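Asks: One-letter residues, chain by chain:
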Amino acid sequence: MSFYNVVKLYNEFKYHEYFQQLNPDEILKIIKKDKKSEQDFLTLLSPQAEHFLEEMAVEARKKSLQHFGKAILLYTPMYLANYCVNKCAYCSFNLENKITRKKLTIDEIDFEAQVIAATGLKHIVVLTGESQKHTPISYIVDAVKILKKYFDSISIEIYPLTQSQYSEVIKAGVDGLTIYQEVYDFKIYEQVHLSGPKKNYLFRLNAAERACREKIRSVNIGVLLGLNDWRIESFMTGLHAKYLQDEYPDVDIAVSLPRIRPHVGVFEDVKQVSDRNLVQIMLALRLFKPNIGINISTREKEELRDNLIPLGVTKMSAGVSTEVGGHTTENYDTGQFEISDKRSVDQIRKAILSKGYHPVFKDWMQI
Amino acid sequence: MKDFIIGGVNLKSRLLIGTGKFPNHDILPKVIESCGTQMITMAVRRVNLDHKEENILDYIPNNCILLPNTSGARNAEEAVRIARLAKAMGCGNWVKIEVISDSKYLLPDNMETIKATEILAKEGFIVLPYMSPDLMAAKRMVEAGAAAVMPLGSPIGSNRGIRTKELVKILIEEIDAPIIVDAGIGKPSEAAQAMEMGAQAVLVNTAIATSEDPVGMAKAFSLAVKAGRIAYESTLAKESSFANASSPLTGFLHEGDK
Numbered sequence: 001m002s003f004y005n006v007v008k009l010y011n012e013f014k015y016h017e018y019f020q021q022l023n024p025d026e027i028l029k030i031i032k033k034d035k036k037s038e039q040d041f042l043t044l045l046s047p048q049a050e051h052f053l054e055e056m057a058v059e060a061r062k063k064s065l066q067h068f069g070k071a072i073l074l075y076t077p078m079y080l081a082n083y084c085v086n087k088c089a090y091c092s093f094n095l096e097n098k099i100t101r102k103k104l105t106i107d108e109i110d111f112e113a114q115v116i117a118a119t120g121l122k123h124i125v126v127l128t129g130e131s132q133k134h135t136p137i138s139y140i141v142d143a144v145k146i147l148k149k150y151f152d153s154i155s156i157e158i159y160p161l162t163q164s165q166y167s168e169v170i171k172a173g174v175d176g177l178t179i180y181q182e183v184y185d186f187k188i189y190e191q192v193h194l195s196g197p198k199k200n201y202l203f204r205l206n207a208a209e210r211a212c213r214e215k216i217r218s219v220n221i222g223v224l225l226g227l228n229d230w231r232i233e234s235f236m237t238g239l240h241a242k243y244l245q246d247e248y249p250d251v252d253i254a255v256s257l258p259r260i261r262p263h264v265g266v267f268e269d270v271k272q273v274s275d276r277n278l279v280q281i282m283l284a285l286r287l288f289k290p291n292i293g294i295n296i297s298t299r300e301k302e303e304l305r306d307n308l309i310p311l312g313v314t315k316m317s318a319g320v321s322t323e324v325g326g327h328t329t330e331n332y333d334t335g336q337f338e339i340s341d342k343r344s345v346d347q348i349r350k351a352i353l354s355k356g357y358h359p360v361f362k363d364w365m366q367i
Numbered sequence: 001m002k003d004f005i006i007g008g009v010n011l012k013s014r015l016l017i018g019t020g021k022f023p024n025h026d027i028l029p030k031v032i033e034s035c036g037t038q039m040i041t042m043a044v045r046r047v048n049l050d051h052k053e054e055n056i057l058d059y060i061p062n063n064c065i066l067l068p069n070t071s072g073a074r075n076a077e078e079a080v081r082i083a084r085l086a087k088a089m090g091c092g093n094w095v096k097i098e099v100i101s102d103s104k105y106l107l108p109d110n111m112e113t114i115k116a117t118e119i120l121a122k123e124g125f126i127v128l129p130y131m132s133p134d135l136m137a138a139k140r141m142v143e144a145g146a147a148a149v150m151p152l153g154s155p156i157g158s159n160r161g162i163r164t165k166e167l168v169k170i171l172i173e174e175i176d177a178p179i180i181v182d183a184g185i186g187k188p189s190e191a192a193q194a195m196e197m198g199a200q201a202v203l204v205n206t207a208i209a210t211s212e213d214p215v216g217m218a219k220a221f222s223l224a225v226k227a228g229r230i231a232y233e234s235t236l237a238k239e240s241s242f243a244n245a246s247s248p249l250t251g252f253l254h255e256g257d258k
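Just so you know, the protein sequences line up as chains Y and X, in that order. Letter by letter, the first sequence follows residues 1 to 367 of this note's numbering. Letter by letter, the second sequence follows residues 1 to 258 of this note's numbering.
If you are wondering where the hints come from, they were derived from the structure by calculation, not from laboratory data. Only a predicted model underlies this, so the values are computations on that prediction, with no experimental measurement involved. Even glycine gets a Cβ: it sits at the ideal position worked out from N, Cα and C. One thing to keep in mind: the hints can contain errors.
As the list claims (entries may be wrong) - With a straight-line Cα cutoff of 25 Å, these simulated SDA-like cross-link-like pairs (lysine to any residue) come out: (1) Y:Lys-149 with X:Leu-85; (2) X:Lys-139 with X:Gly-90; (3) X:Lys-104 with Y:Glu-247; (4) Y:Lys-103 with Y:Gln-39; (5) Y:Lys-32 with X:Ser-103; (6) X:Lys-52 with Y:Arg-204; (7) Y:Lys-350 with X:Asp-50; (8) Y:Lys-62 with X:Arg-84; (9) Y:Lys-271 with Y:Asp-250; (10) Y:Lys-215 with X:Lys-30; (11) Y:Lys-271 with Y:Lys-62; (12) Y:Lys-215 with X:Tyr-105; (13) Y:Lys-36 with Y:Tyr-15.
As the list claims (entries may be wrong) - Partner residues are not named here, just some residues of chain Y that face chain X (Cβ under 8 Å, in silico): (14) Glu-55; (15) Gln-66; (16) Lys-133; (17) Pro-136; (18) Ala-254; (19) Asp-363.
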């Protein structure tokens, strides 16, 4: 089995014809329905459903409280290296971009970890570009061994691995995988991934599933919003989450909703995703799958992030730097993208508390 | 109202509460005070000893029994490891076993729970297993050393009430250990219903933690649990006096015997 079978089912689907025949009464009924079908989910992502955002928000808040309570998990990314052999039109790490390339040594990782741990964070996501030469699996495993001294949960957001490599990193102490398909539409995927191993659509698509087979504890998927029509891409993301949850019920599934941010690169054809659109995606996802995690990163502005909290966010990054070694050195030209919410961990903690929610620092432990 | 005896301890309160899903830790001592609970469960994986303001243990009064739970365990082995970590962290030797490998409905795995119960009871833990109400599974848990059995009323966090009523009733009748209804209780009236049925206690979390006024809701639950228990004990008293009476309704049949 593969999620690709589901992708194929919808390849020829006439989304716009489907949206055109929807009527408002139907949307209201769906919002109130206990269990939403795939079709209901697509309806909630329709242009017509935009008129019912408040009704959707009321239900989404209820479902979120029921499943997650008033808790928001905090984490931060840690960039280990930005060497990359891929040419991706939307990313600063693109091998042709003239940015400073850097890779942290084991000692630098230890120092960076100490500084992050001092902010109280217990959950970390480690990131690299894709380079077998600079950041092979052995480097990731060594990094994880150091990070285990400081953190209770370690996720990886690196290039896709084989199943046995996932087994290796899980044994080393990794409990979470973040992997974004970027775009489910195959043609656009081909267009934006100009060269490099990332061109292999299927190897990336099936990566989450390979990690699930190795009993990883949590998987975070998503697309880069802006590469294609967000309604279609969000629909596929929701179906991917459902697929993983159905096939691997012992894995916690979460979805991120990153919008394209200014970056060094060549991608010009950005499809706009407004704040209103972002809210609709979040609400539709929450109503479709009430028990999946929803992650809002510092790509979004602080005011918007704070306002999204009661609508169903379950995870937020805090004290973020996308620079390699950005917590211990002053690098300003190694970053992956510009961040909008530059608040410290403590500032975000206080902002969450002031919204009547509880910022959770620790939700897992190495057992 | 009779005392509730569990693990050799006499408790006045028959309401156990959970610590997840609250808007902050500061509210916890007020919730505990308003409902008078004496036993509180917390997920071991969330206990954060390194952060003063985040350490849940600092918000629980000393006179409450800590009931660490193994939330996050997907099999018996993980549950056992989490329980041992809890003990090492200084959470005492009580443990609520939760083994869940179904992230959709959060339904427990009875088989793995029985295995974990056996291992931990032998190690001297006072074990309270969370389970799907199944008579044979409950018997095996008690044989394995469980101090009580905690069947679900409906799935965790669902607030749907005692949907498993008929099965829980069977456990209450047949199992020689306290039955504590855990999970699914969404309203005080449902807690009262569980107590009227003869459950020894109930455990409530989501309904209190996510209410607009957790302190008020905790109080309401405590009153409902008391009311339900008194109703149960009163019914018992009545039934037993009826059974012991000298059959006044059919006494005339024996008149000639004298």
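Asks: Which of the numbered hints are not met once you compare them with the structure shown?
Replies: Result: hints 2, 4, 6, 8, 9, 10, 11, 14, 16, 17 and 18 break, sorted rising.
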